[in-house]
Amino acid sequence: MTQARTCFHCAEPIPAGATFTADVAGTPQAVCCLGCVAAAELISEAGLADFYRFRTAAAPKPSEAAEDVWSTYDRPDISAPLLGQEDGHAVVNLLIEDTRCAACSWLIGERLKRLAGIVRADMNPATGRAQIVFRRNRIGLSSILRTIASLGYRPHVLGAADTLEIATRERRRALKRLAVAGFGMMQVMMIATGLYVGAHQGMDPIIREYLRITCLVITAPVLVYSGRPFFEGALAAIRSRHLGMDVPVSIGLLLAFVASAWNTLNQRGEIYFDSVTMFIFLLLLSRYIEMGARHRAGSTAEALLRLVPSMAMRILDGQRERVAVSTLQAGDRILVPAGECFAADGRVVEGTTEADEALLTGESMPVAKVPGATVVAGSMNLGSPVVVELSAVGQSTVLAGIVRLLERAQAQRPRIARLADRAASWFVTRVLLGTMAVAVVWWWIDPSRAFEATLAVLVVTCPCALSLATPTVVTAATALLARQGLLVTRADALETLAQTDHVVFDKTGTLTLGTPRLVRVDSLNGNPQDILPVAAALERASEHPLARAFDAVPSDVSVSEVVIHAGQGVEGMVAGERVRIGTEDFVTALAGKRPTTLSEASVYLGTATGWRAALHFGDTLRPEARAVVASLRGRGLTPHIASGDHAEAVRNVALELSIDDAKARMLPAEKLALVQDLTARGHRVLAVGDGINDAPTLGAASVSVALGSGSALAQASADLVALRSNLSTLPLAVDTARRATRIIHQNLVWATVYNVVALPVAALGWVPPWLAAVGMSVSSLVVVLNALRLTRTTAPDAVAGATKVAFVP
Amino acid sequence: MSIIFLLIPLGLVLVGFAVWAFFWAVGDGQFDDLESPGWSVVAEDSPSAGPQEREESP
Chain A
1 MTQARTCFHC AEPIPAGATF TADVAGTPQA VCCLGCVAAA ELISEAGLAD FYRFRTAAAP
61 KPSEAAEDVW STYDRPDISA PLLGQEDGHA VVNLLIEDTR CAACSWLIGE RLKRLAGIVR
121 ADMNPATGRA QIVFRRNRIG LSSILRTIAS LGYRPHVLGA ADTLEIATRE RRRALKRLAV
181 AGFGMMQVMM IATGLYVGAH QGMDPIIREY LRITCLVITA PVLVYSGRPF FEGALAAIRS
241 RHLGMDVPVS IGLLLAFVAS AWNTLNQRGE IYFDSVTMFI FLLLLSRYIE MGARHRAGST
301 AEALLRLVPS MAMRILDGQR ERVAVSTLQA GDRILVPAGE CFAADGRVVE GTTEADEALL
361 TGESMPVAKV PGATVVAGSM NLGSPVVVEL SAVGQSTVLA GIVRLLERAQ AQRPRIARLA
421 DRAASWFVTR VLLGTMAVAV VWWWIDPSRA FEATLAVLVV TCPCALSLAT PTVVTAATAL
481 LARQGLLVTR ADALETLAQT DHVVFDKTGT LTLGTPRLVR VDSLNGNPQD ILPVAAALER
541 ASEHPLARAF DAVPSDVSVS EVVIHAGQGV EGMVAGERVR IGTEDFVTAL AGKRPTTLSE
601 ASVYLGTATG WRAALHFGDT LRPEARAVVA SLRGRGLTPH IASGDHAEAV RNVALELSID
661 DAKARMLPAE KLALVQDLTA RGHRVLAVGD GINDAPTLGA ASVSVALGSG SALAQASADL
721 VALRSNLSTL PLAVDTARRA TRIIHQNLVW ATVYNVVALP VAALGWVPPW LAAVGMSVSS
781 LVVVLNALRL TRTTAPDAVA GATKVAFVP
Chain B
1 MSIIFLLIPL GLVLVGFAVW AFFWAVGDGQ FDDLESPGWS VVAEDSPSAG PQEREESP
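Protein chains in written order, with our numbering: chain A, 1 to 809; chain B, 1 to 58.
I should point out that these hints are in silico values taken from the structure, not numbers from a laboratory. Any given hint could turn out to be false.
[Claimed, not checked] Per label pair, the in silico range of CB-to-CB distance:
| hint | chain 1 | residue 1 | chain 2 | residue 2 | range |
| --- | --- | --- | --- | --- | --- |
| 1 | B | Pro9 | A | Pro205 | 16 to 26 angstroms |
| 2 | A | Asp556 | B | Phe31 | 52 to 62 angstroms |
| 3 | B | Trp24 | A | Ser391 | 51 to 61 angstroms |
The structure presented is a predicted model; accordingly, all values stated were derived computationally and were not measured. For glycine and all other residues, C-beta sits at the position ideal for the given N, C-alpha and C.
Please model the entire structure based on the sequences and the hints provided.
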């Protein structure tokens, strides 16, 4: 095992030369930066060092010397609408980003409880939500937010009530329904066993009637309470004039129950209470698990939408004022501090900076912004504060446009769902017509046997096995994948995933980690090894994201008179010579025109006497990317890259992964076109991405996977969400989907064969209803057990390179 | 066999109690978070004072 030097707090590599140590519980620990020193010592001083023992994922890296943006939250006009009341205390709901495991929420909860004035702090690690009850006269909202931020997490205020409560209510209701159905099913099954045995061995008629009435008494509340969602769904389907799957379920349940109740009260014939309760329970169970996956995916999506700021600093007649973003208008001027997101689209009028537009364009490098340059809402100001004159706000921003594009792509999807519904209603119509025909024919032949034969047909053809065939498999597969950190958000995703033959990757943040890395130095004259220390020494002074690529380069060169030109580069004196590192224009200003012998790159180094070197940067490939791509290819999927990044970066990644089809500088619309073109040629396309610019692509693809660290919209439109921000679950997902589809087909064939064989036999009156009920139960059982095979077989080992948790003893 | 005339209603009462207890647990939020309460057992060993003690200190 290599002893890589990683930060004790955030587990990122410690840059060479950095000598930060944090005193954690009396032991000095090496950390990577001042921010981590502060966070680790804060945690230790608060007696919370246990966090490092119990965590299962590295802590987020705190931002150094972040400007205090929280104090505004103490202004009554801003905090009032965000706060609720509980027992005379103030309540606030927070969404805390970057919480990674249960230990994170424990840490936040414990730290908050130590603040004076906090009554209660409840954290839910699954959703990243926190509800905090506090005394307003003892502590301000800003102190709470500042404390969370100082631990390295990013808090967002959600307000007093939010969708979380709606989801919680929905989940609690579903859980209660499930419990009632489960308890009822157990009781009825137990008694039904007695009845079946009694039917063979002989049973006192009084006891028999007594047991049957007991079944009725138990089943009635189960049907009314637990079965309600099916009846409501069926009513809604009938009102909208097309038969959904809820309709046959409801008819089956109602008829079986009414017939059983009728037979119970008349003390003759068969009862099917066991089938009714079991049917309700199994259907509710699969719906419950699907709901859980949906909620979780939805809350992550909503979480990231909140990254667009809610407040902005407006400049009016030279006066600065913090206002809500919703009150901004085109033409307003706002001041955007470094490290904050632009609240709306606009044009820079004062100052120069760099913006991170990776979320919107896929461009991995920061884009220089000088006066006159346009900035877009949602991108982040990385360099220095700038004044922006707004050109578009709210719904007219580029971001909102992309959202609409995404919504359109999503609106096109449910065609498959409608098709499935049509098939279901076709099936239901035929079953109902068939049952009626049987009833009429038997009424004509022998009225005394008509009811029994009709009931037998109804019970036998009850779409139990047929309707369980798919959901149980989907549920089993969903649960299997969820344990591997992959959430299935759409039920039909697995079936489509099993058929995919092409996979389109985004590059930045998907195949790569999204952090820059120095790839190559082209030196004009002299050894690159002499150039690097100079470049590194200059970049040490810079806060630029590219500068981090030099962290690992050792340098003992002393630099003086360092001047940072935002958006251009760094200038300094090295060994009595003026040196510039930065963009082509920046270096040209000092060194003259670029010699053609020097290759084209994003960063150059030059002196007053001439050009020295071209520095090529690349993104770091995800460690598991190569294995995953190879493994997907082995499964018959053709990989493609569609990136918004520049050609060189894309080519490098494509070469490393030996992907032939790699397209660079693609706009969202072009990516969409690529996917649509593949789809039009009859291929099934799997799209993997993370940026907002990928959202339309993800929506248009046959099936899509979003990585957990990605943006809100991508997750909202994706069929699967990888919570661990890791590609290595992809081959497993494809395998599981294929196995699931195979089992679904087996189940459907079994259910169809069973129905086809049983229907005519029952229609001929050869099947007594009790045998029909047993047959139906057994056929459902076969289907369920077959589905559960999915979870029993051991999962194929995930591709090597999965995120290893840094665990410091 | 006539004992079942007593035992089955008794069983139903128990089931009713179980359902009531489960409803209470769901309403109390015990199923809302199935992960972090498990950690509270190990976390309790920390040398820190709990929030309750803190509440009472002036």
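Against the structure, the hints come out as follows:
At about 20 angstroms, the CB distance of Pro9 (chain B) to Pro205 (chain A) agrees with the hint of 16 to 26 angstroms. The hinted range of 52 to 62 angstroms is satisfied by Asp556 (chain A) and Phe31 (chain B), whose Cβ atoms lie roughly 60 angstroms apart. Distance hint check for Trp24 (chain B) and Ser391 (chain A): the Cβ-Cβ separation is about 57 angstroms, which falls inside the suggested range of 51 to 61 angstroms.
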